[in-house]
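As given, the protein sequences belong to chains V and C, one line each in that order. Residues in the first sequence are numbered from 47 upward in steps of one, following our numbering. Residues in the second sequence are numbered from 2 upward in steps of one, following our numbering.
There could be a bad hint or two in this list.
[To be verified] Straight-line alpha carbon distances no greater than 25 Å define the calculated SDA-like cross-link-like pairs of lysine to any residue that follow:
(1) V/Lys166 <-> V/Ile148
(2) V/Lys141 <-> C/Val316
(3) V/Lys129 <-> C/Lys190
(4) C/Lys497 <-> V/Tyr54
(5) V/Lys105 <-> C/Val316
(6) V/Lys199 <-> V/Lys129
Please keep in mind that the hints were generated in silico from the structure rather than gathered at the bench.
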Amino acid sequence: MANPKSAYSVSSKKEKSDTHIIVVWVDNEAGVLARVVGLFSGRGYNIESLAVAEVDAKKSISRITIVTTGTPQVIDQIKLQLKKLVPVHKVADFKRNDKGVIFKEMALFKVVGNNAKIKKAINACKKYDAVILDKTKKSNVIQITALRREIDKMAKNLRKFGLVSVSRTGAVAMTRGDKVFN
Amino acid sequence: MSKLFTGAEIVFKCLEDQKVEYIFGYPGGAVLPIYDELKNFHSIKHILVRHEQGAGHAAEGYARSSGKPGVVLVTSGPGATNAVTALTDAYMDSIPLVCISGQVPTHLIGTDAFQECDTTGITRPCTKHNWLVKDIKDLQNIMHKAFEVATTGRPGPVLVDIPKDIQFQKIKYENFESKKKLNGKKHKKFSQIEIDNLINLMSKSKRPIFYTGGGVINSGPKASDLLRELVAATGFPITSTLQGLGCFPGYDNQFLGMLGMHGTYEANNAMHDCDLMINIGARFDDRITGKLDEFSPNSKKVHIDIDPSSINKNVKVDLPIVGDVKEVILSTIKTLNKKKPNFSKSNKQNISKWWGKIEQWRKKNSLNYINSDSSIKPQYAVQRLYELTKEKDTYITTEVGQHQMWAAQHYKFDKPNRWMTSGGLGTMGYGLPAAVGVQVAHPDKLVIDIAGEASVLMTMQEMSTAVQYNLPIKIFILNNEYMGMVRQWQELLHDKNYSESYTAALPDFVKLAEAYGCVGIRATTPDELDEKINQMLNTNRPVIFDCLVDKQENCFPMIPSGKPHNQMILGPEDEKENKITGKGKTLV
């Protein structure tokens, strides 16, 4: 916009975005997920995937894992804004390519077809810890755990082997070794 | 066995323990049990407003002028939604509010019951935190926690939504110990190293400036005292945001006036050319920075703020110091006195060239305007109002628009908590109810709402509140029949297409005043202005002052569309000068 007819400045700099995994420990109370997710949508941050469950029933703490992309400044803001929320205890942030952290997503594939096709499908899934959860003469439900892009690839590849349905989770993350994030 | 109290009683017992004196509210079905208890708690006075938005703004005025949290009590559904604008306003300007709303009984929640709405859902993005009380056992803790969240760290609004059945249920009340800290959000304290770094930057700087904001006000009156001490001890120039006005005397020679879109020439140029910017309790708002890429390109930036998320949000800074403004300034003064005694004298030479430059900019006299004998110029009206009230300890509120900027430019404050204006959200209709709240907090002080005729009509009904409680607020309307700021932008940016910015039918404000049971005064010429203002000041009742001002006047100086600080439009005189001299721009 050459003449924006506005007193607001026009954004001109485009910084590079990176994918980050943000882990948030929160009190497991009513509305807490809405607060976290609302903060993202309200401030225009992006959520690629989301995983949430209670991890400490005694203290009633839930762990929310959010995959997001943003410039370093945006990622910084996400962390600082999250820390301001009253039910948030701590916030961790990992880069997707951080070697010290394990990221995993789980996916369920339903494959329908003849024996040969199903076998091929199972074979293709083997390197991602494939587990057969359900088996009939005409179908199989296969569970795999892998990285996001690997699951993306599998979901595409399995189509030719009779893939009819995909269900997948958001990423969860954990540091390697004996370190615990505090 | 100890005595059992109803939820409604618990609400009041908590308010008592929090030393609440006034609540601003409006009754309705879902808060009737709470209203029923009002008569039993004599230390708490209820101010009945005419609209829940008015209750919110009144509580904001109360809070901003007294430093205590404002308390709002509204019913479910429309009561709560009407309060949303005020909550958002308080959120943007960091004003501590505790809003208590009624809710339909728990067993009806989610059934689209009469006057039901998802209050905690609606107010989630405009409060620091909110609670829906589903169990009477939680009520007491939540109430106290609400006050803690609202008033600690960066202050802001909170909301407690209480279903009607909870208000009836009974439970014990545990004595409240105000010392008990309930898991408040804590941030690590700033370190001495950071202060040392600041002193280091200060002693190296040749072109320093203090840029102060509402955080200084929020840190308490002591912070303003310390700021004055620091500014005197350094000899540095200081500018202030809209919200920070009053934390440093407006008439002091070191004060460059307000900065930003309608700030002074000297303040904005100094911000642009400085080599050290010390931001104290301000947040690099877009009305301040102008074009971000060209914002103060050659300066080291220091940011002192209590809210870590304010740091690096809009502008990358070199030295962030997270902490309460008061404590950071105190540390800075102590360290400065120890390391560099007589700094302002020894450093004088270092920054004398800088002051010379600033004096050059000052000569522009950027707040100047062409006065008139026949019509009242709005700037002149504010100047006269200032001259005639400056001896009194005056509290000023404003609405939003041109009049707000003229008030900020021409009314000079010398104390904190005297200036109440909607900065972040820019809420038209803020000033009149805010004045009600200010007058409640300071019954014997002079409280003036500098208003525009369009803004003030948005919450005009609160005059009725002022009359009911004998609050002698003065509504000083700069009446130009236009939404002036809208008209100004249309003139400058939309080829003078004045689309819907003229109010073709306005009430007769003098008669309106009389209808409300207060006093109406009208001034039409500059000659009679002083006399009429004095008449207003001598009236110990609420007054609506209809000041008919020049309809075409624009608010200058101004940083236009997406421009940096050093490319301001000065007033009409400057425009003329530029025309005469043709290409030769006389800008310094």
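### Query
Which of the numbered hints are not met once you compare them with the structure shown?
Failing hints, ascending: 1, 5 and 6.
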